[in-house]
Every structure is written in C-alpha cells, then in structure tokens.
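Protein chains in written order, with my numbering: chain U, 1 to 773; chain W, 774 to 1048.
For the record, the hints were derived by calculation from the structure and aren't laboratory data. Hints should not be assumed to be uniformly reliable.
To be verified - Rough simulated footprint, nothing fancy, chain W against chain U, three-plus residues with beta-carbon under 8 Å:
| # | region |
| --- | --- |
| 1 | 36–42 |
| 2 | 95–105 |
| 3 | 418–425 |
| 4 | 560–572 |
To be verified - Short, incomplete list of chain W residues facing chain U, as computed with Cβ under 10 Å:
| # | residue |
| --- | --- |
| 5 | 778 |
| 6 | 815 |
| 7 | 1020 |
| 8 | 1024 |
| 9 | 1025 |
C-beta: ideal position from N, C-alpha, C; glycine also.
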Amino acid sequence: MAESAGHATCSRTVSILGTRVMRVEDPKFLTTGGVYVDDLRDPRLDGAGHVTYVRSVMAHARVTVDVAAASGVPGVLAVVTAADFADLPPPPPPLGFIPPALARPWLANGVVRYVGEPIAAIVTESRYAGEDVAELVSVDYEPLTAVVDPRDAAGDATLLFADHGSNTALAFEAGSLDGLFDDCEVVVTQQITNQRVAPVPLEVRGTACVWEGSGDDARLTFWASTQSPHGARDQIAAALELPPERVHFIAPDVGGGFGAKFGVSIEDLVLAVLSRRLGRPMRWTETRTENMLGMGHGRAQLQTVTIGGTRDGRITAYSLDVLQDSGAYPHFGAVLPFMTQLMATGTYDIARVAVRTKSVVTNTAPVVAYRGAGRPEATAAIERAVDLFAAEIGLDPAEVRRRNLFAKDAFRLTTQVGAAYDSGDYAGALDAVLAAAKYDELRAEQRRRRDSGDPMLLGIGVSNYVEITAGPEAGTEFARINVKPDGSVIVYTGTSPHGQGHATSFAMLAADELGVPLDRITVLHGDTDLVARGGGTGGSRSLQLGGAAVHQGALETVDRARELAGDLFEAAAGDIVLDKARGGFHVAGSPDDVRGWAEVATSADADAGLIVDTDFSATGATFPFGAHVAVVEVDAETGYVRLVSMTTVDDAGPVINPVVVEGQRHGGIAQGVAQALFEEVRYDEDGNPQSTNLTDYAFPSAAELPDFTLVDMATPSPLNPLGVKGIGEAGTIGATPAVQNAVVDAVAHLGVRHIEMPTTPERVWRAIQEASK
Amino acid sequence: MIPAPFDYVRADSADAALAALREHGDDAKLLAGGQSLLPLMKLRLATPGVVVDVSRAADLAYVREDGDVLAIGALTRHCDIVSAEVVTAHAPLLAHAASGVGDRQVRHRGTIGGSVAHADPSADLPTALLALDASYVVRGPAGERTITATEFATGFLETVLAPDELLIEIRVPKATGEAWGYQKFTRRAIDWATVAVAVQARGGGTAISLGNMGSTVLRAASAEAALAGGASAADAAQHADDGTEPAADVTASADYRRHLARVLTKRALAAAGRS
Ligand SMILES: Cc1cc2nc3c(=O)[nH]c(=O)nc-3n(C[C@H](O)[C@H](O)[C@H](O)COP(=O)(O)OP(=O)(O)OC[C@H]3O[C@@H](n4cnc5c(N)ncnc54)[C@H](O)[C@@H]3O)c2cc1C
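Looking at chain U on its own, in the form it has when it is part of the complex (with noise of 0.2 Å):
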C-alpha cells in the first residue's frame, strides 16, 4: 500500500477517483503469491481425505462399476459410486429454469454423457494413491451412439434424456420472421460456427471442507475457488437440503475464473457428503487435464445470420439463428442464448429484428458462462453479418456502420429485441477509434500492398459493440463499512474479486467519502460469515454494484458520524462538517477542534466503532459500448496469421482507476483475440477431446499479443451514482469480430466472404484456395 498512501494524502481536496494508484493486492501476488484453496493449512484440515475422481473415457455409455481391487488397497478411506449417493436426491440444477428432468447425478448413474464425466470418487489417505488407485476400478462400457454435432442433437435420433423426450432444453424467441426481408434490395445469409472455447483459469478447480459439531448443529465449512461465495454457500446448502446458515463458505485467493467458477461444481459438491460420512476433512485438487475434461467450456454456437437492407447502406432487417450446445448436461450454457438474443441488433438502428434460439444436450462437456456470456456470440454474429453486408453492395464496412448506428441523442431506448440501452455515443467511439488506429492511412497502405502484388497482405477489421452489464435484471449488491476505534476501516463487499483489483479500486471509493487514507482501508469478501450477504463477481457487474454499494454505504457512514460528531461537540448534526483533508469533523466555522475519525467510531461502540450496512439497488442495467480496429498482416502463401495492432474504445463510463481496467481491457482484448485466431476446443465424431492439454489448445501467450492502443471515452450511465458500467468483459467482446473481420478483409479482394473462428493458417490458407479456383 505504500505507494497509493502518498496518493491519499496529498489529494484530499481533490478527488483520488479517477487517478493512476497502483494496485495495492498486487505486492503480494507478485512476492510470496497468493494463498489458493491448494494452499491452505488450516489446521482443521489436518488429515484430510484426498479426493480422486474416476472418469469417463467414453462419451455415451451404459457403465458397470466394480470398486472391489480399489476399495482393498491399503490407504484407500472409500470409494464411493452412484449407488452411495441413493438416499440423496441429485443437487438442484445451477439455474431454475432448466428442465429437473436434466438434472446432473452425484455421479454417473448407470450412463456416462461426455469424456470427463466423474463416475467414482476414491477417498485416498494420500494425495499421490488416489490415481493409482484410480487405475484398479473397473468401468464396464457399453457404448451408446455418441451424439457430438449440436444439429444431430436437435434431429433427436438419440435423446441423452429418455424422460425428457427431447434433446431441447431451452428454447426462447423474439420478433417475427414474417415478411422480415420482403422489401430489401439486398439479402446476405452466412452460417457462422462460434466455436467452443475452454475458460482456462490458471488457478484450476480446489476444495477443501470440514464438518465441525454433531447432529443438527453440525456445521460445515467449505472453502472452494468461486467467484461467486454466497450463491456458492445456498447451493450446497440446497444439495445438502440444509439451511444456508449450515454452510460456512471461504473462497480464498481465488487464480482466475472468467465465469467458469460461478458456483460450484459437481465435484466440489461430492466432497461435502463424503467428509460428512466418512467424519473427516476433505480435500480435491484437478490436474490441468481435469480442468481441460470437466469444468465446462464456452461459446459453442452455430448461428444462421441473414441481413438485408438497401443498396445504398441502410440495414433495414436482421435474423439470428441459434442452435445452442450445451453439453451434456444443462448449465448456464443453456440459458445463455437468452442473452445473445438480448443483445443480437448491438449497436444498430435495424427496423426489423427477428431472433430463434434452441439450446440442446450433446455427449460434451457442459456449456458454461465464460467472458461475455451469450453477448460475445451476439456480436460476432452482427458484426461478421454487418461486413458481409457492406462487401455485398460494396461499401467501406466503418461506413455501413456509421449509416446504421444508433444516434446519440436517441437514449434512453429500447430495442427490437427488447433491450433498454441506457447510455452511448456509438458514432463517438466509431468515429474516435478510427482516427486513432488512422483508417484512411491503413487502407491506402492495404491497396498499396494489393496494388504491388505484396504477398504480405493487410487486413482491417472494425467492430461496434454494446454489451449487457449486471443484467439482465436490476442487480442488488451488499456492502459494510466499519470504521475501527482505531479509525481505520473495513469494506465488506458481497462482491467476490478474483484477480479484478476490489482492493484497490473499492478502497478509493471509501476514501474519497470518508477522507481517510488508503492505507488505512481493508476490503474483506469472499466469506459468508464476514460477509452478510453477496452477488459475487460476475457479469462484469462488481463496481456498477458493489462499488456503488461502498459509495452509498461510506455517505451513509459520514452522515451518521456527523451525528455522533454533534453528540461529542453538543452541536446539532447539520451544522457538524467532515473535513476529508484532515480525516476528521468540526462544527462549522469552527476548523480548529477537529474529532478524528477514531474519537466518533469509539463514541458508537468502544470495541466494533461504526457499523453501516447497506445494500444498493440499481434500476436497470447498464450497456457498456465501445469500437475496436483491429490489423492483421496475412501471409498468402502459408495462411498464417500475425496481429499487427489493436486499438480500441470501451466506454464503460467514468474510471475510478486507469491502471485497473485498463488491465481489464487487456485481459479482454487479449481474450478476445484469442477466440478469432487460436483458440478451440475439439472433439472427435466420437465424442473425445482432442484439447485437453495446453499443447493441444492453442492459448496464446505475450508472445502472439501486440501493444494495444487504447482510447479513452466515459459516456456514463444514469442508473447508479458512480456513472459506472462494467469492464470486465467488454475488451473480449469487441475484440474477437474486429480481429475475424480483419483475417477476411485481408483476403477479401481474391474473393473470400468468410473464414470460420479460429481463423488458423489452414483455414486461411485453404480460403484462399477455394476462392481463386
């Protein structure tokens, strides 16, 4: 914290909102790192069973399971199958709307649904036995057809789910397709693969969990890597049909989740029963391998774009088609259509809109929320749709843009597909991102290299885009500012950071109402008996909340220390003034007897100080936007593929802290372009991963990422007082169009329209083939 304290200090007739402070978390993870869930030595644990799962190698089955060799083995506790968790009903799907009949069980009952799948948990002494015992169970499979292409799903020649007759889980819809092209001069159509990508945290899945008391008073205490500790808390309450006060959960430092970590996992839920049972603590690490099987994938869209309008650039209808996969059984994956569809005309005025979703099960790990969340696929699908449209009337693509964009006087509005955009200047950031990336000098450059037969060809690439934040409802989030007798201060926030820099950024919020140093001001989340109540950290909807919530929370702390303070000086409350510089209050135009913070938090309780708990409540959510230009360099002979550069607007509204998001616009963008050039997960047609490892996933590291120029723009919102939006999310979804719009522009004037994600050299490659045959 040292260096944010001069920071404080010296600024307190400023505002320190706004400004660069360091992140104070960060000393710690860059010197003696962070403490994981693998990491922890609470006593408690001591003699912890350790957890191995035994796992699917096929992708539909029927499974016989014989334990007998494993259970024998000296050192192993249990080993323990479907048939053990019979007195227990399976867990409550992680979202209400999925079909009960879709339900997960403990573990595999009698048919295994995808490679991965656990079928047996070993309880070992040792951490090091467990997959060696894992070798000794026997699983007898008798295979089932392996249904893996989400259109084979959807013909219901082999349902996953007998009892529930179909492969659909979710369907939703909005708009009517009649007519919805009938007076375009033009129509394009393009199926278009948002291919399925692994989240890859680099802190893997970690629980460990103790039983303490007996009886009805048994409580237990449960630390997993979430983000999101009190839903995490309800749900294995739920699974345990206990009530949540039962339930102690700790997430502890947690390495990364991207959405994949909303919650907890089936196999983090297991090892709650079995310490249960066995009257010991539990622990459960996954390998990478496990991580790559099992804790679920994202995107995995195939969508069906058609687009028409006028020859002279005005888009006038839309239609998004998608089948989503959620995998084998339904997880967020399957909910997220919804909000692909919320989002589907981004930032587009598009008089016609029409959207049809269906979401099925295939023989494939789950489908979860992974950065961006459903809105990612609305705007590569848009995006991808805007440019096929201006190549087929042969128009600039930034220009179709600029004819279709929603006007910046037009808001508040709600769209076709009935979103209620609260805020932006779309043309704003079109038009600044633009001129920062010099356009007009990169295309001049690309007709140049065209024009001389250069086979290092330049391809530009634009997106628009307009995302959901802490939607789609209204979102609540909890916070609680203590100021010790000491005058230092505690932040509690329901929101649950893990890696987003709450310390830092919610820590200036307190400061900036209480007038006490950052240095002096802990933020505390992630357990639920610290922590009241909480939303936890996803949806990029921490600060817009929580952050919001602090604010009203430290207002609120200063008017009731204003009443204190009048206490100590016999004054009345109105007349008692805080003076933010010196960190304390006086009666006004009195300055000179000033009652520091500590003297009012010890005159409220000697031991705790001041308490203030509020929660804050926003309207609606806020619609982050921004603009990206990406430029790629295409090697026509090989395909290959090399990002030049990436400049980008992302107007999340007013910053509290540059240096935090723009680390948040890094991440995304680097995420982002990710998807469009490297990334994917496979299978096989027989329903086996082909990913599973990062050799086989092609995550790109520093090496394959330009700078990125990044331009600032704060449209603020008008549903919450900070103004704020969320970011954590927003670089990943202007990024991946921008980049895939560049790869096909490079290629464009041979005849290529489009390339699918990742847009690897083959693919590239192979475009180009096709087109000059």
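Once you've looked at the hints, dock chain W with the ligand against the given chain U.
Just chain W with the ligand now, with coordinates in the frame of chain U:
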C-alpha cells in the same frame, strides 16, 4: 497427471548410467532434461519402473572441436548450444534451431541427447542435425558404436538405441562459413513445429531435411536431387514433400503440411542463398 510409482537412481557419470541400465534392464528409463519424459510419465503414457537420472553427468556436458568435427556431449543443454561460440562459428544452423526450442525454461533443462534419443519427428535439433550430416556415438555393454543421423530414428519416438545403451556424443562435421537456412512454422512461439525445414550448404552441395513430415525426421531426397541436377530452388522446392507421409492432427492436415514443406523449403533455400 501424477506419474505411476517408480524408483529413482541418480547416475552422475556415463559409467554410472551404464551400470544402472545394466542392473535395471528394460524397466529403466534415462532422465536427462526431463522435458519429454516427464510429460509422458505424468500422462502415464510412460511408466518406467526405474528412472535413472543422468542430468548431472558432467562428463557428458561439453562442446569441443575435434579436428573437422564438433563434438557435443549428449547432456549439453539447448541453451548452451545456442550460446557456444564454436557452435555459432561452425554449425550456426544448429545454434539457430536450438534457439527456437520451446521457451527459456525448456531450453535450460532440455538436452541435445534427450532430444535426439526421444526421436520426435517434429523436434528442431534432430531436423538440423540431419541436414548437418551428424552422427551419434552410442555406448553400451558391447562398447561404442557410431550411427549416422539418417539411420538413427526408425519410427515415431523409436530409434536403434537398445535399452542398455547410452547416447554419449553428437558429432557434427564443421560447416564453417557455409550457407544455411531454417524455417520453423508454428502458430505460437512455444509450439513444436507444424513443419520445419533445415537447409545446409556444404562444398557445393545442399542438404535439405524436414521436421514433422513423417514418423521420423527426413531428408527431402527428391528436392536435393533436383537441385543437384541443376533445378532452380523454386522448382526443387516443389519436390520437397515427394514420398512423405505427414500426419494429420489438431494443428494441420496432411495436405497442408505438404504445402508448407514446399513453401518453407523454398524460403529456407532462399535464406541459404539458393534461388
Ligand atoms: C513446453 C515444451 C515445449 C517444447 N518445445 C519444443 C520445440 O519447440 N522443439 C523441440 O525440438 N523440442 C521441444 N520440446 C522438447 C525439448 O526439446 C526436450 O528437451 C527434448 O525433447 C528432450 O530432451 P530432454 O533432455 O528433456 O530429455 P528427457 O525428457 O529427459 O528424455 C527424453 C527421452 O530420451 C531418453 N534419453 C535422454 N537422454 C538420453 C541419452 N543420453 N541416451 C539415451 N537416451 C536418452 C530418455 O530416456 C527419454 O526416453 C519442448 C518441451 C516442452 C516441455
């Protein structure tokens, strides 16, 4: 991701390693840099009963001149090959190929002997060594034998090495002042080659070798013959994939690999001054 149980023996010299191999026979595996063996063991694709750790065998870590030949101890790390002046002077192709192996950590652990013995057809050093006409000195119970790079690998991860034999030295005929070219095609910096092509000129002739174009590293014999017969580099490169049977995998199809072999050969020849 946790290896099956194994015993561990440390052998700090060539003799100690040979003794350990004699004692444990087929059940033993040598551990050099561990950069290929350990990943296989973690996936339980390799389950040796005994691991004989030769990583500290100082008598096998050296680079020295021996007349017209560079003699390189099998335990020499990739990073030391990158920086050794005798290598950059007399076999710059090898130094360059070593500089692109994996990442820094891999180059600081992995050894040239391990790379050769592992016989992955996409590995950089064996590809370069094949173009350099290297030979490999192997020691076993019956004494020493020398095997040419062409004869060494017999299949995917398979060589003529017997389980009780140790690769002790890599011998590279000096190519001082000769032109060379190396083209490694990857999607990411860390990746193994999708296809690699090494070109080494020597006394008027040109050797071309291919990485990842079959189950072993290969010489592009037709292209070499075309060049020797007076064909242009561009025409010769069109024969680079003749007779090859490249694999199809998540990275590339066989067709694309063939195409890459032709393009990369043209480029490697150009880098070596052949047009
Ligand atoms: C992330 C990563 C990226 C990589 N990228 C590349 C790359 O781009 N290009 C590339 O070429 N390689 C790459 N490698 C592999 C690397 O070059 C290895 O170092 C090399 O393949 C094996 O050398 P080693 O010393 O680590 O051998 P080890 O793994 O210790 O052994 C490999 C095999 O050789 C045997 N062996 C070792 N030494 C001897 C000996 N003296 N005599 C007989 N048998 C022996 C072992 O028993 C074992 O079977 C990569 C590795 C990793 C982990």
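Right, here's what the structure says about each hint:
1. 36–42: violated (count 0)
2. 95–105: violated (count 0)
3. 418–425: violated (count 0)
4. 560–572: violated (count 0)
5. 778: 7 Å, holds
6. 815: 8 Å, holds
7. 1020: 13 Å, violated
8. 1024: 8 Å, holds
9. 1025: Cβ of residue 1025(W) sits 5 Å from chain U, so the hint holds.
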